[in-house]
Amino acid sequence: MGYVAIKGGQAAIEEANRLVDYHRVKSGRYLDVETIKAGLKPLVDQVMSESSLYDEDLAALAIKQAEGSPEEAVFLLRAHRSTLPRMYYSETVDTRNMRVMRRISASFKDILGGQILGKSQDFRHRFLDFDLVNETDATVAKTIASFLDLAPEPEPLALTAIPKVIDYLAQQGLYHYPPLDDATPDDITKKSLSFPSSRSQRLQSLTRGQSGAVISLGYAELRGFGISNHPNIGELRVGMIPLEVQGLGREEPYYFGEIEVTEVECFVAKEVKDEQQQVTKTFDIGYGITFGHNETKTIAMSILDYSLEQNDKAHPTSNPEFVLLSIDSVESTGFISHLKLPHYVTFQSLLDGIRSIKEKKV
Amino acid sequence: MAEKPILALKHFSKQYGSGCDHCRDNRQELTKNICPFCQTVYAVDDVSLDLYKGEILGIVGESGSGKSTVLGSLYFNVEASEGEYQLNVPQSQPLNLFEASQQKKTRIRNTMLGMVYQNPMLGLRMKYSALSNIAEKMIAANHRNVEAMVERSRQLLDVVDIATIRMKEAPVNFSGGMQQRVQIAKALSNNPPVLLLDEITTGLDLSVQADVLDLIKTIQRELSISMIVVSHDLAVIRMIADRTIVMVNGRIIESGLTDQILEDPQHPYTQKLVYSLL
Amino acid sequence: MKYQGNYGFLDELSKKEIRRSILKAVAIPGYQVPFASREMPIARGWGTGGLQLTLSLVGPQDCVKVIDQGSDESVNAVSIRQLIQDTTQVETTWHTREATLIQSRHRIPEVPLKEGQILVLQVPIPEPLRSVEPSEEETRKLHAYGEYSLAWLKIFEQIIKFDQGSLSADHPVLVNHRYLMAPSPIPRFDNPKMNYNEGLILLGAGREKKIYAVPPYTEVKSIDFDDYPFTFETFAGKACRLSGLTDVFLDEIIDPKTQTASYQTNDQSYLLEILDEREKEKHG
Chain A
1 MGYVAIKGGQ
11 AAIEEANRLV
21 DYHRVKSGRY
31 LDVETIKAGL
41 KPLVDQVMSE
51 SSLYDEDLAA
61 LAIKQAEGSP
71 EEAVFLLRAH
81 RSTLPRMYYS
91 ETVDTRNMRV
101 MRRISASFKD
111 ILGGQILGKS
121 QDFRHRFLDF
131 DLVNETDATV
141 AKTIASFLDL
151 APEPEPLALT
161 AIPKVIDYLA
171 QQGLYHYPPL
181 DDATPDDITK
191 KSLSFPSSRS
201 QRLQSLTRGQ
211 SGAVISLGYA
221 ELRGFGISNH
231 PNIGELRVGM
241 IPLEVQGLGR
251 EEPYYFGEIE
261 VTEVECFVAK
271 EVKDEQQQVT
281 KTFDIGYGIT
291 FGHNETKTIA
301 MSILDYSLEQ
311 NDKAHPTSNP
321 EFVLLSIDSV
331 ESTGFISHLK
341 LPHYVTFQSL
351 LDGIRSIKEK
361 KV
Chain B
1 MAEKPILALK
11 HFSKQYGSGC
21 DHCRDNRQEL
31 TKNICPFCQT
41 VYAVDDVSLD
51 LYKGEILGIV
61 GESGSGKSTV
71 LGSLYFNVEA
81 SEGEYQLNVP
91 QSQPLNLFEA
101 SQQKKTRIRN
111 TMLGMVYQNP
121 MLGLRMKYSA
131 LSNIAEKMIA
141 ANHRNVEAMV
151 ERSRQLLDVV
161 DIATIRMKEA
171 PVNFSGGMQQ
181 RVQIAKALSN
191 NPPVLLLDEI
201 TTGLDLSVQA
211 DVLDLIKTIQ
221 RELSISMIVV
231 SHDLAVIRMI
241 ADRTIVMVNG
251 RIIESGLTDQ
261 ILEDPQHPYT
271 QKLVYSLL
Chain C
1 MKYQGNYGFL
11 DELSKKEIRR
21 SILKAVAIPG
31 YQVPFASREM
41 PIARGWGTGG
51 LQLTLSLVGP
61 QDCVKVIDQG
71 SDESVNAVSI
81 RQLIQDTTQV
91 ETTWHTREAT
101 LIQSRHRIPE
111 VPLKEGQILV
121 LQVPIPEPLR
131 SVEPSEEETR
141 KLHAYGEYSL
151 AWLKIFEQII
161 KFDQGSLSAD
171 HPVLVNHRYL
181 MAPSPIPRFD
191 NPKMNYNEGL
201 ILLGAGREKK
211 IYAVPPYTEV
221 KSIDFDDYPF
231 TFETFAGKAC
241 RLSGLTDVFL
251 DEIIDPKTQT
261 ASYQTNDQSY
271 LLEILDEREK
281 EKHG
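Chains as they are written, first to last, in this note's numbering: chain A, 1 to 362; chain B, 1 to 278; chain C, 1 to 284.
Hints in this document: simulated from the structure, not taken from any laboratory. Every value quoted in this text rests on a predicted model; they were computed, and no experiment measured them. Don't take every hint at face value.
Said to hold, decoys possible - Distance windows between CB atoms, simulated:
{"no.": "1", "chain 1": "B", "residue 1": "Arg-144", "chain 2": "A", "residue 2": "Ala-183", "range": "17 to 23 Å"}
{"no.": "2", "chain 1": "C", "residue 1": "Ala-144", "chain 2": "A", "residue 2": "Leu-339", "range": "49 to 55 Å"}
{"no.": "3", "chain 1": "B", "residue 1": "Arg-144", "chain 2": "A", "residue 2": "Ser-337", "range": "39 to 45 Å"}
{"no.": "4", "chain 1": "A", "residue 1": "Pro-196", "chain 2": "C", "residue 2": "Arg-278", "range": "18 to 24 Å"}
{"no.": "5", "chain 1": "C", "residue 1": "Arg-97", "chain 2": "A", "residue 2": "Ala-183", "range": "22 to 28 Å"}
{"no.": "6", "chain 1": "A", "residue 1": "Glu-271", "chain 2": "B", "residue 2": "Ser-63", "range": "50 to 56 Å"}
{"no.": "7", "chain 1": "B", "residue 1": "His-11", "chain 2": "A", "residue 2": "Ala-161", "range": "17 to 23 Å"}
{"no.": "8", "chain 1": "A", "residue 1": "Lys-41", "chain 2": "C", "residue 2": "Arg-20", "range": "50 to 56 Å"}
{"no.": "9", "chain 1": "C", "residue 1": "Lys-257", "chain 2": "A", "residue 2": "Lys-340", "range": "55 to 61 Å"}
{"no.": "10", "chain 1": "C", "residue 1": "Arg-97", "chain 2": "A", "residue 2": "Glu-258", "range": "35 to 41 Å"}
{"no.": "11", "chain 1": "C", "residue 1": "Glu-133", "chain 2": "A", "residue 2": "Tyr-22", "range": "27 to 33 Å"}
{"no.": "12", "chain 1": "C", "residue 1": "Glu-133", "chain 2": "A", "residue 2": "Glu-258", "range": "53 to 59 Å"}
{"no.": "13", "chain 1": "B", "residue 1": "Ile-165", "chain 2": "A", "residue 2": "Glu-271", "range": "49 to 55 Å"}
{"no.": "14", "chain 1": "A", "residue 1": "Glu-244", "chain 2": "B", "residue 2": "Leu-122", "range": "50 to 56 Å"}
Stated by the list, open to error - Mimicking BS3-like on lysine-lysine, the simulated pairs with C-alpha atoms at most 25 Å apart in a straight line are:
{"no.": "15", "chain 1": "B", "residue 1": "Lys-32", "chain 2": "A", "residue 2": "Lys-361"}
{"no.": "16", "chain 1": "A", "residue 1": "Lys-270", "chain 2": "B", "residue 2": "Lys-32"}
{"no.": "17", "chain 1": "B", "residue 1": "Lys-104", "chain 2": "C", "residue 2": "Lys-141"}
{"no.": "18", "chain 1": "A", "residue 1": "Lys-361", "chain 2": "C", "residue 2": "Lys-238"}
{"no.": "19", "chain 1": "C", "residue 1": "Lys-161", "chain 2": "A", "residue 2": "Lys-190"}
{"no.": "20", "chain 1": "A", "residue 1": "Lys-358", "chain 2": "C", "residue 2": "Lys-161"}
{"no.": "21", "chain 1": "B", "residue 1": "Lys-104", "chain 2": "C", "residue 2": "Lys-154"}
{"no.": "22", "chain 1": "A", "residue 1": "Lys-361", "chain 2": "B", "residue 2": "Lys-105"}
{"no.": "23", "chain 1": "B", "residue 1": "Lys-105", "chain 2": "A", "residue 2": "Lys-358"}
{"no.": "24", "chain 1": "B", "residue 1": "Lys-32", "chain 2": "A", "residue 2": "Lys-281"}
{"no.": "25", "chain 1": "C", "residue 1": "Lys-161", "chain 2": "B", "residue 2": "Lys-168"}
{"no.": "26", "chain 1": "B", "residue 1": "Lys-105", "chain 2": "C", "residue 2": "Lys-154"}
{"no.": "27", "chain 1": "C", "residue 1": "Lys-141", "chain 2": "B", "residue 2": "Lys-127"}
{"no.": "28", "chain 1": "C", "residue 1": "Lys-193", "chain 2": "A", "residue 2": "Lys-191"}
{"no.": "29", "chain 1": "B", "residue 1": "Lys-105", "chain 2": "A", "residue 2": "Lys-360"}
{"no.": "30", "chain 1": "C", "residue 1": "Lys-2", "chain 2": "A", "residue 2": "Lys-361"}
{"no.": "31", "chain 1": "C", "residue 1": "Lys-161", "chain 2": "B", "residue 2": "Lys-127"}
{"no.": "32", "chain 1": "C", "residue 1": "Lys-2", "chain 2": "A", "residue 2": "Lys-26"}
{"no.": "33", "chain 1": "C", "residue 1": "Lys-24", "chain 2": "A", "residue 2": "Lys-313"}
{"no.": "34", "chain 1": "C", "residue 1": "Lys-15", "chain 2": "B", "residue 2": "Lys-127"}
{"no.": "35", "chain 1": "B", "residue 1": "Lys-105", "chain 2": "C", "residue 2": "Lys-141"}
{"no.": "36", "chain 1": "C", "residue 1": "Lys-238", "chain 2": "A", "residue 2": "Lys-360"}
{"no.": "37", "chain 1": "A", "residue 1": "Lys-191", "chain 2": "C", "residue 2": "Lys-141"}
{"no.": "38", "chain 1": "C", "residue 1": "Lys-154", "chain 2": "A", "residue 2": "Lys-191"}
{"no.": "39", "chain 1": "C", "residue 1": "Lys-238", "chain 2": "C", "residue 2": "Lys-114"}
{"no.": "40", "chain 1": "C", "residue 1": "Lys-193", "chain 2": "C", "residue 2": "Lys-161"}
Glycine included, each C-beta is placed from N, C-alpha and C at the ideal position.
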């Protein structure tokens, strides 16, 4: 018989699963969750941000199970997220109250509160450090000791209530705050994204977006397939924000703890006409915020937020359907990988169509 | 004229923006019909016009005068801020079409109106065959017989002088003049009583322009379809329009028989336009 | 790994929410109801829409059948059935008649559905106008106005070019004289089965976040032209090599040695039922 019906699927799946389990640990070595949290923080942050679930332990577990693949880890966490009932929303957080660890402005040199470089790879030369090949407990202890020698306080200064650069811009009359919109934000995990989209839907999609996708589209926007304005980073800050929830049987909001976020406001100059019909320039802002420390993604998010606000149909990066429906990690990786599924019936149908065209032509 | 116009537009206005205390009551005094305070644009202000059976009505004006907005509103591409729009054809009730349901607007657009745009990208599906492009309006008007639609499309291609051998090709492969011909064939497909033409010869070579305008005259003569022709070019209007309206800054400044306007222009703007033609 | 979560994976509030969307879909046949599609333990595009419907509806009294391209034993069918079973302990079957809930990808079973049965179809692209209009904002308007000439135009263009209107799977249908609907990529052969069918057909698109339905006894018409009526795949002169059946959708099978084609019933549980019956007749 030339053909065997697709049978034995069950056994094949079990074997494939067993192979996955085996290959994860076949060397006899394994990563523990604490090691991942301690040594792979940027990956943990990326996974939390793309999963829209802030939990370092679960993110580290997902990374372990996914053998370090971010797309797989995000998939695991998102699926887990689906099993959690949504009970509460936090109170609105004013990021002016952020406990700042790092904060820079590329627009003004002297900003109120100062530039705080904090932890950053930006100015490190990217040479492979071969010393790390032979890293030991002793070398690690030495690195820690030498850092503490110079810096008596192990953590950067905990700075709260640092003024925001945007407030300065507004004081100068170069930026006008939009009217306060206190409407309850849309939640795309409770009601699906719809078009025309709201700003809160756009921001939520962007902050959940796959880092690579958000960065690539943000880049495409700058490079010339967008409205092509060079934005300036008004302020990038990384730090901790407190979360509170109202209505747990108490009058006072209940304090849940704090989470780390990265926040960016980019300034984009735009032309407007003044009262005398003279063309003048003022500033608009694009906004980005993500769970954890994700600088490039957050900057890209602010660029895309700005470009999506412009409603300029000529540019793909200003088209909400193009951007928002392309950047989700679980959706894009899932649909691309579904091409691996059998399409025998649909292909047979197509084959039938093409054959009958040929027969008619004969 | 005792005869009822086939198309009547009354007190049509179109503004972009909500207006403010400054501009709402002083539209007439605005320079360039833009409010300096709220940036509201008064694209068209209180325009009325009638179209009679079998005639070609020209609307001439410079870009920004509001003439294409008027035409767009008649094809329901532009939503009116104010005004009344009536088509006096047997099947139609005398109601203000600006207030009709979207379904009714679509039905009227598909059966009673034809539109030809300056930019063929707006009027054609560039990658579908010429045949499908012409059939689109028929399909939209619920025709479901392929052979009949193909036959009708052949006739129309003959009318606009495109060889039937090319009817399965997509307009993207056609010259600008041919694309306009396909658009005209498409606009005629349901035999509408009214045809709307928006700068249809702009950007074409002079000889091609003349051919297309000849075609329009022929169609008017042989099919007795009423038309509104919008152009910035008085030469075009002179060639084909029976009556002409002159628009400046969203308002009608002069109207009358085309010959009369050409011989004895009243408004300084029209005078300038006419003298530059000579 | 032992399953440690809630019955049917999703939390109860989510399941309730999805059931409400299903009710709306049943009330407006063919209309795509948006819903907050959850991420599932299987990948987007692999049947997450269908799975959310199944898991929101399934209860202890149910009997579930899962098929993929006509086969209960295809790897993805196995995988989805396993997930349903792991999270609910529900009874499963191969037999279409026994099942109360059938989740399928790209096929409607050859055995007609009965009252009380639910067929859940997995949908990759729920928007029948998507191939002619890329924007969701626009297609929503077209549905609202019932303006579907674009779908006919696409078929017209195919007729012009190929003298044939229906070319592939997922041929659009008009449901209850109102909404144009993508029947999911079932072969055209299966389209007529939807018309006035006795069971409830639910369609779920997880990635695109839409649920829609064909309630029992609803008119479902494949769109076409008067002089080019809808046609489905023909297997004229061909028969299933194992059963001799001619009125079923056939898979084409190439013999690797002789390079000749033969045909076999695609719906494998139906094929097995027929073969079993004959075996019994022979011996009984």
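Output the numbers, in ascending order, of every earlier hint that fails for this structure.
Structure breaks hints 1, 2, 4, 5, 6, 7, 8, 9, 10, 11, 12, 15, 19, 22, 23, 28, 29, 30, 33, 34, 38, 39 and 40.
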